[in-house]
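A.B. asks: Given next are the chains, with one letter for each unit.
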Amino acid sequence: MSGTDTPKRSMRTPLGRVRNLGAAHSGTSDFWRQRITGVAMTLLMIPGLVIIMMLLGRNQVYAAQTLSSIPVAVILLLFIFASAWHMKIGMQVVIEDYVHNEKLKLTAVMLNNFFSIAVALASTYAILKLSSGV
Amino acid sequence: MQVYRWTLTMALSIVHRATGIALYVGTLLLVWWLVAAASGPAAYAHVQAFAGSIIGRLIVFGYTWALMHHMLSGIRHFIWDLGYGFKANEREALTWGALIGGIALTVLVWIIAYAIGGGR
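From first to last, the protein sequence lines stand for chains A and B.
Residue numbers for the first sequence follow this note's numbering, so the first one is 1 and each next one is one higher.
Residue numbers for the second sequence follow this note's numbering, so the first one is 1 and each next one is one higher.
Hints listed in this document are in silico derivations from the structure and should not be mistaken for laboratory results.
Predicted model, so just to flag it, every value in this text is computed and none were measured.
Just so you know, not all the hints are guaranteed correct.
[Stated by the list, open to error] Some chain A residues near chain B, calculated using beta-carbon distances under 7 angstroms:
{"no.": "1", "residue": "A40"}
{"no.": "2", "residue": "T42"}
{"no.": "3", "residue": "M53"}
{"no.": "4", "residue": "L130"}
{"no.": "5", "residue": "G133"}
[Unchecked claim] Just the calculated beta-carbon pair ranges, DEER-fashion:
{"no.": "6", "chain 1": "A", "residue 1": "F81", "chain 2": "B", "residue 2": "A18", "range": "21 to 27 angstroms"}
{"no.": "7", "chain 1": "A", "residue 1": "M11", "chain 2": "B", "residue 2": "G62", "range": "53 to 59 angstroms"}
{"no.": "8", "chain 1": "B", "residue 1": "F86", "chain 2": "A", "residue 2": "E102", "range": "31 to 37 angstroms"}
[Stated by the list, open to error] Every beta carbon over 12 angstroms from chain B, so not counted as near; a handful from chain A, in silico:
{"no.": "9", "residue": "T13"}
{"no.": "10", "residue": "L15"}
{"no.": "11", "residue": "L55"}
{"no.": "12", "residue": "R58"}
{"no.": "13", "residue": "S68"}
{"no.": "14", "residue": "I80"}
{"no.": "15", "residue": "K88"}
{"no.": "16", "residue": "V93"}
{"no.": "17", "residue": "E102"}
Idealized CB from N, CA, C, for every residue including glycine.
Chain A on its own, in the form it takes in the complex:
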């Protein structure tokens, strides 16, 4: 590893160059965030399921009323934020593992970002709209 890609006139040690970078060349922040968001969603799972159970078989008026209450809206917003981030990282890992063509990989990673952000924003907008009662 150190032989082929070490610049000849570098004072930096091999360890210094790779420290905090990891296989994705961007460090371990995604790994850590994947765990934070996963734990967050696990903790939010029971309140989240209770909210969905409350709405089963109910009409839109009841659903809109329930979804606009502050604790329900906050729980769902937290869940949406955590899941969008979690799924963005997870899908990127899958893409990086299986797509080896560089351009295709970059395109896929970009589309993954677009999709995850669109899902997060559309859901957030819907909840804020319900909460503001417009």
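Using the hints provided, position chain B relative to the given structure of chain A.
C.D. replies: Structure of chain B alone, referenced to chain A:
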């Protein structure tokens, strides 16, 4: 890819990814549901009609399982990340736990759902 012998932990690693991808695509249904709730009664009725249909129920049931399995399988990975559960019998127990627990939780959630909300 060539594998000399498939193990349960290997198969479940693939299932963890597969359920993750299914959950990823399935967020579209959650977005549809929330946007419809914010749009009005007509849009919401469409979601309810779909979710109540046979195909809709199958998808939501499958989605419930994917979510429960991915969560338990994720907790298993988290335990491994913390450095525990690497002995052969512990690995197997965690993996079987995620597999059986995921199915059991899915059935439990649906029993509760039908008991409290299905009749409305």
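A.B. asks: Look at each hint and say if it fits the structure.
C.D. replies: Structure-based check of each hint:
no. : hint                                : result
1   : A40                                 : violated, 12 angstroms
2   : T42                                 : holds, 6 angstroms
3   : M53                                 : holds, 6 angstroms
4   : L130                                : holds, 5 angstroms
5   : G133                                : violated, 11 angstroms
6   : A:F81 to B:A18: 21 to 27 angstroms  : holds, 24 angstroms
7   : A:M11 to B:G62: 53 to 59 angstroms  : holds, 56 angstroms
8   : B:F86 to A:E102: 31 to 37 angstroms : holds, 35 angstroms
9   : T13                                 : holds, 27 angstroms
10  : L15                                 : holds, 22 angstroms
11  : L55                                 : violated, 8 angstroms
12  : R58                                 : violated, 6 angstroms
13  : S68                                 : violated, 9 angstroms
14  : I80                                 : violated, 8 angstroms
15  : K88                                 : violated, 9 angstroms
16  : V93                                 : violated, 9 angstroms
17  : E102                                : holds, 22 angstroms
Consistency with the previously given hints fails for numbers 1, 5, 11, 12, 13, 14, 15, 16, ordered from lowest to highest.
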